[in-house]
Amino acid sequence: MNLDFSPEETAFRNEVRTFIEDNYPKNVSAEGLRDDLSPEDMVAWHKVLGEKGWSVPAWPPEYGGTGWTPTQRYIWSEENARVNAIMPLPFGVSMVGPVIYTFGNEAQKQQHLPGIRSGDVWWCQGYSEPGAGSDLASLKTTAVRDGDHYVINGQKTWTTLAQHADWGFFLCRTDPDAAKPQEGISFILVDMKSPGIEVRPIKLIDGGYEVNETWLTDVRVPVENLVGEENKGWTYAKFLLAHERSGIAGVARSKRAVEQLREIADKELLDGKPLMQDFDFARKVSQLDIDLAALEITELRTLAGEEAGRGPGPESSILKIKGTEIQQRLTELTLEAVGHYGTPYYRDLSDTGSNEYPIGPDYAQHAAASYFNMRKTSIYGGSNEIQRNIISKMILGL
Amino acid sequence: MDFNFTEEQTMVRDGLTRLVRESYDFDTRRSVIESDSGWRPELWAQIAEMGLLGMPFSEEDGGFGGGAIDSLVVMEVFGRGLVVEPYVPTVVCAGGFFKHAGSAEQKEEHIGGIVDGSRVYAFAYAEPRGRYDLADLETTAKKDGDGYVLNGHKAVVIAAPWASHLIVTARTSGERRDHDGISVFVVDKNADGVVTRDYPTVDGRRASDIYFENVSVGADALIGEDGKALPLIELVVDEAIAAQCAEACGAMKSAQEMTVEYSRQRKQFGTPIGKFQVLQHRMVDMFVEYEQSVSMAYLATLKLGESDKERKSAVSAAKVRIGQAAHHIGQEAIQIHGGMGMTDELAIGHYFKRLTIFDAEFGNVDHHMKRHIALASD
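Chains as they are written, first to last, in full-length UniProt numbering: chain A, 1 to 398; chain B, 1 to 378.
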């Protein structure tokens, strides 16, 4: 056993670090909240990576992937986290892209994969519905065949960043009489500019708008936008969810966030001394550090298993549960660290006159909103309750 | 032992509950907190007319002869409905200073204005570098003839945008964090040199950062004794904490009930999610946390009149226990509501936010745990 990276891996780390230092757009940082950024800012790094050929590292090389090992991909995400890089949005790169190159036809690959690689096409995901959250198979949106079109009707929800999307991938019921709820569902690509689509932003408790309700009324979609076989969409959906879950631990980001928390706690004072010197506070930060180490090694073990050809199995549920819990505690502790200045609602104040007094230190501005926002992580992508169900069923056999 | 409210307190509770239910529904609250003013002065007048603002004051001070239990009754109902109107800053904090230490003239002028609803006060005690230490003051009040000149910066002064007057803690002598040399003043918010930076708070209230730039006040602005105010400030803050503990209990009760109700309605896999045992036990824990919190709010309120040590110990115990419960219940409520809990549209997220900020006001769990430990080893 050996925890060190090989010389090749170390050389790779140096190469990507240099590349990031030289090329990461200087004015764009993920320090704040995602929907505070312009759509152009959100894809700026993606476009640079597209040109370099590094925007879809996990894809097979024939579709533009890098051929990196899982460990190299891990190093890559760590190096990006070091500079708080805004990574390519997952909807194209790690969700629909792999579905298209795995199950799509040649025409679909030609049409869609280049735009995903380059960052020119913005995708959104149409899975969840108001009645179908964790119970995704109960979805009701219908696609009815009419000549060489499907006519789609229904309502999707939590469509992340759909307000900027060019294309969406939707799960629709094509056979309402199927024997089981998972059957009779199809995976359909939809041009978001199609008539009959209405995207309504949902305001979240942090005050931002990163998700939407999407209404589809008699939306006509050419049948060639069906991926794979009709009524087999559940298979592709499950494939996609497995992809979504890998990387959900967020170790590299959380390590960076611990560093930032320490920086804040060095500046905040308690009894005239840095808060970081307070035993109670330091203990909580160390607890996070320790839990993060356990998560990191667990993730590396999973990666090593992947490299040995054992695909991410139900163990990835451990990464999801612990990763999201740590992310939540981190934002909670950061809010605690900033004390009184967690209370102001900063979101509406950014454009007030420049000659006014600022409210509190810069680092306090996103503390409360981030804490509120991060409560979503134990709910989305299969809630942590569902992850525990997976472990109990698939690993413990209960 | 008697944990019953008096007949009068029960009447107040019922009347106020009705008022909040009828004229403070969630949609109304939302439109009010988003409006320019951010609160409802007309409702404040109505509450004053019901006599609620005068309850905790003695009859000789112009009140109705009640006490802290009355504030607990009011604040519990306020918490149920997430009422933003400034009962704690005005009645409990400002009222507390005048009640305990005001001169006859101050009592007449200020308590009169509180009771009839004509004056609103904010309590400017926190500072950017002081965290939760009430004695860690950089704001100064220098003697100037008969009066004083104030300079300094107060952080996140709740309800200040609505206030006509400010209660300000400042150092009249000594070094930063000394326990001696601290004084309390009442300052007209329109006085020359008072600069305010107003903003909304994440939990739907309004606050200001306030800069005092050579603000001159007369000798009559001093409340109590020059330089000896720390025990008085601690007493008033403990009274405010007890009242806010009651508010948190009201908010936790609403959050807990809403979660149970939602779990009965929301179906997944063909079953109401409230039928899943794993969620049932978690909602039971929420309920247990709430009941423990009510007990602690009672304890804190009932001990306010005891010795300093006994009072502080009980108040800190309550703030620790309820601060923990507020986080627990708020987080569980959001989780069990699922994605809907993340939306601004549902009330539950607003309860979660109020319960989050509750912990940071007047000292968080760690701060009060330390105070509790220090008192036990005294």
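Just so you know, the hints here were simulated from the structure itself, not pulled from any lab data.
Since we're looking at a predicted model, the values are computed, not measured.
Some hints could be false.
As the list claims (entries may be wrong) - Pairs of lysine-lysine residues, derived as BS3-like cross-links and limited to a Cα-Cα distance of at most 25 Å, are as follows:
hint, chain 1, residue 1, chain 2, residue 2
1, A, K273, B, K370
2, B, K370, A, K284
3, A, K180, B, K370
4, B, K370, A, K267
What the hints assert, rightly or not - Among the chain A residues that face chain B by a calculated CB cut under 7 Å, a handful are:
hint, residue
5, W59
6, G342
7, I379
Beta carbons are placed, not taken as given, at the ideal position from N, Cα and C, and that holds for glycine.
For each hint, the structure was consulted:
Taking the CA atoms of K273(A) and K370(B), the gap is near 16 Å; set against the 25 Å cutoff, the hint holds. Only pairs whose Cα atoms come within 25 Å are accepted, and K370(B) paired with K284(A) is accepted, the gap being roughly 15 Å. Annotation: proposed proximity of K180(A) to K370(B) is violated, straight-line Cα distance about 58 Å (limit 25 Å). At most 25 Å may separate the alpha-carbon atoms for a hinted pair to count; K370(B) and K267(A) meet this at roughly 21 Å.
With a cut of 7 Å, the hint placing W59(A) at the interface with chain B is violated, because the nearest CB-to-CB distance is about 30 Å. Contact between G342(A) and chain B, as hinted, is supported at the beta carbon level, the nearest pair being about 6 Å apart and thus within 7 Å. The beta carbon of I379(A) is positioned within 7 Å of a beta carbon in chain B (closest approach about 5 Å), and the interface hint is therefore held.
Going down the numbered hints, you'll see the structure goes against 3, 5, while the others check out.
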